[in-house]
Every structure is written in C-alpha cells, then in structure tokens.
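Enquirer: Chains A, B and C are the protein sequences, given in the same order.
In this text, residue positions in the first sequence follow my numbering: the first is 1, and each later residue adds one.
In this text, residue positions in the second sequence follow my numbering: the first is 1001, and each later residue adds one.
In this text, residue positions in the third sequence follow my numbering: the first is 2001, and each later residue adds one.
For the record, the hints were derived by calculation from the structure and aren't laboratory data.
Treat the hints with care, since some could be wrong.
[As the list claims (entries may be wrong)] Calculated pairs, DSS-like style, for lysine-lysine (alpha carbon to alpha carbon, straight line, at most 30 Å):
| id | chain 1 | residue 1 | chain 2 | residue 2 |
| --- | --- | --- | --- | --- |
| 1 | B | LYS1296 | B | LYS1195 |
| 2 | A | LYS81 | A | LYS282 |
| 3 | A | LYS332 | C | LYS2315 |
| 4 | A | LYS315 | C | LYS2332 |
| 5 | C | LYS2332 | C | LYS2315 |
| 6 | A | LYS332 | A | LYS315 |
| 7 | B | LYS1081 | C | LYS2337 |
| 8 | C | LYS2296 | B | LYS1337 |
| 9 | C | LYS2055 | C | LYS2081 |
| 10 | B | LYS1296 | B | LYS1282 |
| 11 | B | LYS1055 | A | LYS81 |
| 12 | C | LYS2282 | C | LYS2296 |
| 13 | C | LYS2337 | A | LYS332 |
| 14 | B | LYS1337 | A | LYS332 |
| 15 | A | LYS337 | C | LYS2332 |
| 16 | B | LYS1332 | A | LYS332 |
| 17 | B | LYS1195 | A | LYS55 |
| 18 | C | LYS2195 | B | LYS1282 |
| 19 | A | LYS195 | C | LYS2055 |
| 20 | B | LYS1337 | A | LYS337 |
| 21 | C | LYS2195 | B | LYS1055 |
| 22 | A | LYS296 | A | LYS282 |
| 23 | A | LYS296 | A | LYS332 |
| 24 | C | LYS2332 | B | LYS1337 |
| 25 | A | LYS332 | C | LYS2332 |
| 26 | C | LYS2332 | B | LYS1315 |
[What the hints assert, rightly or not] Here are some chain A residues the structure puts well away from chain B; computed CB gaps all over 10 Å:
| id | residue |
| --- | --- |
| 27 | GLY21 |
| 28 | THR23 |
| 29 | THR73 |
| 30 | ASN146 |
| 31 | LEU191 |
| 32 | HIS277 |
| 33 | ARG279 |
| 34 | GLN281 |
| 35 | GLY301 |
| 36 | GLN309 |
| 37 | GLU335 |
Glycine included, every Cβ here is placed at the ideal spot set by N, Cα and C.
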Amino acid sequence: MTQMRTDELAELVRGRVAGDGATVVERIADLEHAGESEIAYVENESFLAVASESKAACLIVNERLSEQLPGRTLIEVVNPKLAFSLIGAALHPPVLREPSIHPTAVVAENADVALTAYVGPNVCIGEYTRVGAYTRLEAGVVLGANVTVGDDCVLHPNVVLYDGVSIGTRVILHAAVCIGADGFGYVRHELGYQKFPQVGTVLIDDDVEIGAHTCVDRAALGRTRIGRGTKLDNMVHVGHNCDIGERVVIAAQTGISGSVVIEDDAVIGGQVGFGDHTRVQKGAIIGSKAGILPGKIVRPGVWWGIPVQPLDQYKRMNAYLNRLPQMYERLKQLENKLARIDEILQDEQD
Amino acid sequence: MTQMRTDELAELVRGRVAGDGATVVERIADLEHAGESEIAYVENESFLAVASESKAACLIVNERLSEQLPGRTLIEVVNPKLAFSLIGAALHPPVLREPSIHPTAVVAENADVALTAYVGPNVCIGEYTRVGAYTRLEAGVVLGANVTVGDDCVLHPNVVLYDGVSIGTRVILHAAVCIGADGFGYVRHELGYQKFPQVGTVLIDDDVEIGAHTCVDRAALGRTRIGRGTKLDNMVHVGHNCDIGERVVIAAQTGISGSVVIEDDAVIGGQVGFGDHTRVQKGAIIGSKAGILPGKIVRPGVWWGIPVQPLDQYKRMNAYLNRLPQMYERLKQLENKLARIDEILQDEQD
Amino acid sequence: MTQMRTDELAELVRGRVAGDGATVVERIADLEHAGESEIAYVENESFLAVASESKAACLIVNERLSEQLPGRTLIEVVNPKLAFSLIGAALHPPVLREPSIHPTAVVAENADVALTAYVGPNVCIGEYTRVGAYTRLEAGVVLGANVTVGDDCVLHPNVVLYDGVSIGTRVILHAAVCIGADGFGYVRHELGYQKFPQVGTVLIDDDVEIGAHTCVDRAALGRTRIGRGTKLDNMVHVGHNCDIGERVVIAAQTGISGSVVIEDDAVIGGQVGFGDHTRVQKGAIIGSKAGILPGKIVRPGVWWGIPVQPLDQYKRMNAYLNRLPQMYERLKQLENKLARIDEILQDEQD
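Full structure from sequences and hints, please.
Expert: Take a look at the structure:
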C-alpha cells in the first residue's frame, strides 16, 4: 500500500493545498464511495452537492470552486480530472515485477533481454529479438524472431508479436493483442485465390496503449505504423499498410481496412468501419458505427452515419426523415384538393 | 460412452414414456440424421412428417402430439426442446478431468487451489488466488493475483483473468476470454493523453457462460458486474463499470461502452453498439446491429435500428422510405397539374 | 536470403523475359521503394510513369505494356499482380522449422504427430490427436483430443482447436484463432436458460486461411464447415452449423449467426452481420457493414445496406433520400400555390 501526504500529492500535480497538508491518503475513489483515507475529485459545479457529502479525506477541485467546500482538505488545480489521474498513477503504481526470467520461459540464445526486464512463465522469445529495460512480459507472451520491444513496456498475458515487429518505449499491450499477422490480400485466378505477399512489418511508436484482443496486421510491402501516444481500445482491427498518426484515439471494435491513413489527433468511435485507402485528416472526429467508403477523405469536423457525412447534415437529414409520414399525408391532401379543383374547373368549362 | 434407458431419461425430465421404456440411447441427434441408438426431439407440429420418417430410437414430443406418432418410443413432455437439452447434458457430460495439477503449471505458493480442481498444462496461477472445487483450468489459462474462481467452473484454453477478478460458481469461459483488462479512459492535456486510473475490478456471478474471445474490462473505480445466469456470445466487448443484470443474453460482436446498465432478462442481438451511460430496462429486446446513443434509456419492448427506435416505428419508417420514389413521382405530377391549372386561371383572368 | 535469376522467375510464372535474364533479385518491393536487387510489378497503365522511374532490378508487366518500358529488364505476363504474388512466395518462403517437438510441449502419448512436423514451445496436443507431415504448430498452440490437423499446415501462436475439430491440408490459422468453441444456444425456462447441447464438430477444408482471432463455433448437432480455398480475415465470427462453401472471401469483423449457408465464390465485406438461417447464393457480393435479416436468401449480384438490398436499388434510394429536403420545399410551395388558387376560386364563386 502506498501512502502519501496531501501536500506531496499537491506538489506532484502543481496544485495548492487548502486545509491540512499532512492528511494522508492511500487510495483513489469516486466522490460517493470515498472513505477515510481516500482521495476523490470534483469534476465540475454539478458535483458540488455530492462533494460536500463525500467522506473522502481529500478532494481535488478547480480553484474557482474551492470556496464552496469550506472546512475540507482540498487540492486546488486547473484540471481536477487530470490531477486525479496523475495522483491515481502515483498511489496505484503498476505491479512491480522483480527483474527475472522465469525458468519456464523459452528464450533464444541470441536474444537480447535487458537485465532489468521481467520475463514471465511460458514466455517465448525468438531469435535476435531485443527486450528493453524494465519491460514486463507477462505469462504466455510470444515474441517471434527479430522483434524489438523498447524500454518500460508492459505486454499482458498471451500477447503475440510476429517476426520483425517493432515496439517503442512505454507501450502497453493488453491480453492477447496480436501485432504483425499477415494482412488480408489475395489475387483471384481461375482456380481460386493466390496469397499476395505479406512481407512488410509493423512499427508501434512510444506511449501507445492497445486494448485486449486488438490486431494490427503487418504490411504487404513496407510497414503498418501506429504513431506516438495513440490509444486503441479492445478488438480493434488495423489492416495492412495503415498509417495511424500520433495521439489518435480509437474505440472498441472499429475495423480499419488496408492502406488507411488516419492523421494526428483524430478521434474515432466504436464499431466504425473504414474502406481501404481512406484518409482521415488531422483532428477529425468520427462517431460510433460510422461507415467510410473506400478512398474517401474525411476532413476536420464531426462526422456521422453510413456512409459518413458531417454531423449537421446527418442531423438535418434525420429531421427530414422524421417528417416523412407527415409529408406523405400532406401530399395526399394536396392530391385530393387538386382533384376537387379540377372538378370545379371542369364544371366551369362545361 | 454413456448409455441410458428411455425410462431413466423420462424421469430426468419429468416426462412420460410411451412405448418401450427399456430402449437404450447413447447420443442425441437431429430428427433427420438420428440413427439406432439416438434420441431426437420434435419441436412442434411442423416437424411431424420428418419425425415419422426419423430412424431415432426415441423421440421427445409434446404430449399433445404424442398420438400422431403411433408405434414409436416417445418421451412426452411439455417442452421438448428443453427436455432434449437436459437429456443431451446427461448423455454428453463435459470431459472429465482427474483432479491434478499438471507439472508444467506455475502455481504461486500461497494460491489456494481446491484438491478436486484440475489445473492443465502451462496454466499460471498468481499469488493469493483461489480456485474452487471441481473447477477445470484448461491449458494456457492465466490467472493473475488475488483472483477468485468458484466451484465447478470451466475455463477453456488461454483464458486470461487479470488481478483481483472474481468469478462465481458453474461459470464457463470459452477460449481466450479476457476479464479485467484496463478500461478505455484517458484525460486529454496539451501534450496528449493521460491514462485515467483503472483500479476497479470485475465480478462475474454464478451460471454465467461467456463465448470465445469476449472481453470484459475492469472498472475504473468500483466494479464491472455480470449477473447470475447471463450468457454472452463470442467477441462481445463489455466496457468498464458496466452493470449487466441476471439472465441477460447478448449475441456475438456486440460492443458495450463504459457505465452501461442492462437490467435483468434483456435480450440483445449481435453487433449492437451501446453509447456510454445508456440503460436498458428489464425485459427489453434489441435487434442486431442496433445503435444506442449515449445516455439513452431503452424501455421494455422490441427495439431496432440506428439510432434505436421501437420496432413498430422502425417498420413504419421503412415502409415510408420505400414509398419515397413513388412520392417523388406524385409530387412531380402535382406540380405539372398545378402548372396547367395556373395557365387555365391565367387565361380566364385575361 | 533467397536469390533467383530473372529467367528462373519468368519460368516459374510462365512469363517471357525482356532484357537480361541473368539479373539476380532477392526481394519483392513496390515500384516506388524498390532498389537494386528487388523486383516490382506494374499493375496497369496508370503505373507506367512510376515504373519508368523505379530503381527495381526487374519489373513484371503485362505483355501489352512491355514496349513502353524500353531498356528495362522485364518479365512479361498476362497477370502481373498474380505473377508478383507467386514470385513473392518463391523469394520469401515461410520460416523453415526443423522437424522437432520442443521439450516444453505437452503431447499425449497416444497422439500421432508426423515425424516431419514442428511442435513449438508450450504446445499442447490432446489424446488421439493427429498432426500431419510438415505441419508447424507455433508456441502456445492448444489442440484438444481427437483433433485432426492435415499436412503442411501452419498454426500460429496460441491457436486453440477444441476436441474433435478437423483441419485439412495447407491450412493457415493465424494467432489465437479459435475453432470449435460451443455455439450460442439456450432454451429459456421459468428460472433462466438451459444450454442447448453443442456436441457437433467443425470441418475446415484444404487451403483455407483464417485471420487472427477469428472464431468458428462447433455445430450443436452435425458440423460447421468451411470449404476448400476459403479465406477469412481477422475477428470473423462463424456461428454453429454454418456451411461456408469454397473460395469464399470474408473480410474482418463480419459476424455469421447459426445455420447460415454461404455458397461457393461469394465475396463478403467487413462488419457484415448475418441473421440465422440466411443463404448467400453462389457468387453473390455483399458490401461492408451490410445487415441480412434471418432466413433471407441473397441471390447473385452486388448487395448493400441494412437491411441488405441490391446495390442499384440502394443507390437509387440514397439518391431519393438526398432529394428529401428539396421535396419538402417543393411540397410547401405547392401548398402555398394551391391556397392561392383556392382563394381565387373562392372569389370567383362569391
């Protein structure tokens, strides 16, 4: 159990203590459930009532709201959620593994494993593979040949890296992530399909985190890339030769076909589908379940729907759709009226 | 091979034998392919013709239909499909594993593994983890530290339970299921993303069955829960802090964002997507591929579409959509007619 | 490193050399990045400009285009992409594994493993299981009891085959593929759900390739089948009792419910969802993200949308949808005009 004083924590997040800086906390918690030795955060004004009832030993608040919580031990910051996250990381550090290679691990003789690395039970490390300092390979991880894993990485159980894949520093790969399987490419001939060569590789840059069961395929030729600081949720599929930029966020079960480019700082929802050779420009936001046709360029802005369109347009279209029954009725009325007018005119002409 | 007499089986399902109760059966089969020592079931009237041709040694039928299969050995019950399922479980019991710990398993010294449990090859069991009576851990299963697995569970190959996860009794987890990976939460700051703490846990209650490759993320704070008797298909994604009730059924590839509540007895199709903080009320039924916007409350009834709407409304809307070409034509005709009338009136006024 | 002369390669693909047949190449590459000892291909006319700038030692071109690349070493063929694929396979043969059983593998005594097979670290092979000649089982593969794996197969790390599953020859299963988990079937009763028996099996025919993390469930009764030469991408879900024909192609994250039939030579996009008991007829093409209602028959042709419809019809419908705002305006104008005419007629009648 880690114990830290409020004033230490405040320093960590460049905040200011109000109240007793000597208050000790051990754990983070949410406002409602926080108890004696726990710290919680007040996201915004709407949580003030809950906050004042909270039993937390210390609250992280925006400096503007500090006055409204008199008599409490507070850490005042600009961004309470961010401060809470940093404090959480300090109070709940990742499991510490003693540097070691488990006797059941199978490590190629010419592999280069840092002395400070942890290699868990049943891990396999292929020829000429390099594992960086303080990196943790949990049980059942399989690294092929000529793989590079940087420093301070965590590979959770049963992660598989195919031959030649390269991973940066501070990368987290959750259970069963698969990097570098063959891309999906075939050439049709008269008897069936011939596999198109999949002899490229995958580069995962620093500070990437990838959710459980996500698959990133190797390039056919060249490389598939995931840029620095990008975060992928569970069960995302990244096809061969994709180029995903920096600080991109992609939610669960999204599927990205071959040769898609996603530029920096894009935000992609869950279950989105990308046709091949699409390009998402810097900072675009794509809603969950959207579908993007092959070759499409998605410009900055918020996008939605199948096929994808600007959110405004999508909403407007939905509003028209909702009027459809009413439009149908109005159309019928017009026809009736017109029939009557026709009759009148007919009568007049007769 | 298990052999059972028809009268024994009838007793098992509280049915009544018609014909020879001494008939022995060994296997279940479908009506069409069933042979000499096999038992099949007649779901309803529409299968009577096939049933009378069936070579099955014994048929399970609804008592009302019994007379229409003269001369056959029958088990009469209220619900033939249910009786067939129970008889199938009796005739095809799960593989029996001798209680044992395989020499290649890696078990922490302070782990508490029941004497009647089976721990297969290359299984890893972390510190302070508890494995209940008669539980089967198949090859390559990885249990972290402080995990609890109840009695009579089956964990198929390569299942991963992260630290602190708790599983009830009679739970079945299919191959590569992953419980307790970090939820997907980040706080944006000027340089990129800071991981929001994921320090909660997961509770899986009794009699849950989870399909291959499904992932249930741990809570950020607090817990993610899956209630008693709930069944999840393959490749379902359950985000952090979800609360899924009892006897819920969720088909393959459905994705559930963070903090979603699904109440008891809901039925959810495949490839459905849930925005965060949605709530599905008791007994609601949601069709495959539906999309639910964040925060939405889905009331009892049948729901469909993206975004989700009551099935009636969805169907009505689709009917109007199909009329759209016709409406367009009618609109054009009206315009033409009106133009002609305008002319006539013009002429008159001249 | 494999080295081959251009004339050898030309023979391999039944092509004709133009230029120096003695030119040696070692690797395939794309036109743009190809260097000294590399071979690239010119897919069609539109790549001629890039081709003439290419530094590749040899180019594969269609015989019609050959003249437009004077002074280059060429291999002339009918289908350059296919020839390139075959040459890629020759220059980049799969990793060769010495026939061996790794000391950490756990092989049942009565299993029948070919002398030429490779059984990697931590592989488990169950009772009465048969592994064919020259087959490669990579680290962590788990084969249950009574499994059959044919000759020349590659099972990548952590593949799981449940008891009784049968795999043909030259089958490639990528990392963590799961074949034979229980199908998703339950019978509702007053207290919850009873599992419907899942005692059938799975047959995978020759020359099938299955992408990482794809799951093919065993049949309830009978068998689930995947036909010869069929290719499945990553994270595809194939439900119990499906019958998938020969040379079918299915892209990533598509989900196929129980008892679906997909006939030979169908092409299915990514994230498609199939209701149970649907049938896709020979040669049908279904676009990504399509949804097929239970029981539907999809005839030959190109299909799109949710629910699926012929592409023509889908496009036409989309065109009408785009006219909806305009239709609404025209409807309003008609109403206004008619109101005015009504007034005129009223005046006349007064």
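Enquirer: Taking the hints in turn, state whether each one holds.
Expert: Each hint, compared with the structure:
1. The straight-line distance between the Cα atoms of LYS1296 of chain B and LYS1195 of chain B is roughly 26 Å, inside the 30 Å bound, and the hint therefore holds.
2. Between LYS81 of chain A and LYS282 of chain A, the direct Cα distance comes to roughly 25 Å. Compliance with the 30 Å bound is thereby established for this hinted pair.
3. For a cut-off of 30 Å, the pair hint linking LYS332 of chain A to LYS2315 of chain C stands: about 26 Å separates their Cα positions.
4. Between LYS315 of chain A and LYS2332 of chain C the alpha-carbon distance is near 21 Å, which keeps this suggested pair within the 30 Å criterion.
5. Our distance criterion of 30 Å between C-alpha atoms is met by LYS2332 of chain C and LYS2315 of chain C, whose separation comes to about 26 Å.
6. The straight-line distance between the Cα atoms of LYS332 of chain A and LYS315 of chain A is roughly 26 Å, inside the 30 Å bound, and the hint therefore holds.
7. The suggested pairing of LYS1081 of chain B with LYS2337 of chain C is violated, with an alpha-carbon distance near 64 Å, which exceeds 30 Å.
8. Note on LYS2296 of chain C and LYS1337 of chain B: the hinted pairing is violated, with a Cα-Cα distance of about 42 Å set against a maximum of 30 Å.
9. Pair hint LYS2055 of chain C plus LYS2081 of chain C holds up; C-alpha atoms about 19 Å apart against a cutoff of 30 Å.
10. Restraint check for LYS1296 of chain B and LYS1282 of chain B: the C-alpha separation of about 14 Å stays at or below 30 Å, so the hint holds.
11. Restraint check for LYS1055 of chain B and LYS81 of chain A: the C-alpha separation of about 68 Å exceeds 30 Å, so the hint is violated.
12. Restraint check: the Cα-Cα separation between LYS2282 of chain C and LYS2296 of chain C comes to about 14 Å, which is no more than 30 Å; the hinted pair holds.
13. Under the criterion of a C-alpha separation no larger than 30 Å, the hint pairing LYS2337 of chain C with LYS332 of chain A is consistent with the structure, at around 16 Å.
14. This hinted pair checks out: LYS1337 of chain B and LYS332 of chain A have alpha carbons roughly 14 Å apart, not beyond 30 Å.
15. Taking the CA atoms of LYS337 of chain A and LYS2332 of chain C, the gap is near 14 Å; set against the 30 Å cutoff, the hint holds.
16. Pair hint LYS1332 of chain B plus LYS332 of chain A holds up; C-alpha atoms about 13 Å apart against a cutoff of 30 Å.
17. Restraint check for LYS1195 of chain B and LYS55 of chain A: the C-alpha separation of about 25 Å stays at or below 30 Å, so the hint holds.
18. For the hint pairing LYS2195 of chain C with LYS1282 of chain B, the CA-to-CA distance comes to about 22 Å; that is within 30 Å, so the pair holds.
19. Only pairs whose Cα atoms come within 30 Å are accepted, and LYS195 of chain A paired with LYS2055 of chain C is accepted, the gap being roughly 25 Å.
20. Straight-line distance between C-alpha atoms of LYS1337 of chain B and LYS337 of chain A comes to about 12 Å, which keeps the hinted pair within the 30 Å bound.
21. Of the supplied pair hints, the one linking LYS2195 of chain C and LYS1055 of chain B holds, its CA atoms being roughly 25 Å apart against a limit of 30 Å.
22. Restraint check: the Cα-Cα separation between LYS296 of chain A and LYS282 of chain A comes to about 14 Å, which is no more than 30 Å; the hinted pair holds.
23. For the hint linking LYS296 of chain A to LYS332 of chain A, the alpha-carbon distance of about 40 Å lies beyond 30 Å, and the restraint is violated.
24. With a CA separation close to 16 Å, the supplied pair LYS2332 of chain C and LYS1337 of chain B stays within the 30 Å bound.
25. Restraint check for LYS332 of chain A and LYS2332 of chain C: satisfied, since their Cα atoms lie roughly 13 Å apart, inside the 30 Å limit.
26. As the CA atoms of LYS2332 of chain C and LYS1315 of chain B are separated by approximately 26 Å, the hinted pair is consistent with the 30 Å bound.
27. Listed as outside the interface, GLY21 of chain A is consistent with that label: its C-beta sits roughly 22 Å from the nearest C-beta of chain B, beyond the 10 Å cut-off.
28. Residue placement check: THR23 of chain A keeps its beta carbon more than 10 Å from all beta carbons of chain B (closest about 20 Å).
29. The claim that THR73 of chain A lies off the interface holds: its Cβ sits roughly 20 Å from the closest Cβ of chain B, which is beyond the 10 Å cut-off.
30. With a least beta-carbon separation of about 25 Å from chain B, ASN146 of chain A lies farther than 10 Å from that chain, consistent with its non-interface assignment.
31. The Cβ of LEU191 of chain A sits about 32 Å from the closest Cβ of chain B, beyond the 10 Å cut-off, so the non-interface label holds.
32. Distance check for HIS277 of chain A against chain B: the nearest CB is about 24 Å away, which clears 10 Å, and the non-interface claim stands.
33. With a cut of 10 Å on Cβ distances, ARG279 of chain A stays outside the contact zone with chain B, its closest approach being about 22 Å.
34. Non-interface call for GLN281 of chain A relative to chain B: holds, since the shortest CB-CB distance, roughly 19 Å, exceeds 10 Å.
35. At roughly 18 Å from the closest C-beta of chain B, the C-beta of GLY301 of chain A stays outside 10 Å, upholding its exclusion from the interface.
36. A cut-off of 10 Å between C-beta atoms confirms that GLN309 of chain A is not in contact with chain B; the least separation is 14 Å.
37. With a closest Cβ-Cβ approach of about 6 Å to chain B, GLU335 of chain A is found to fall inside the 10 Å limit, against its non-interface label.
Hint violations for this structure: numbers 7, 8, 11, 23, 37, all remaining hints satisfied.
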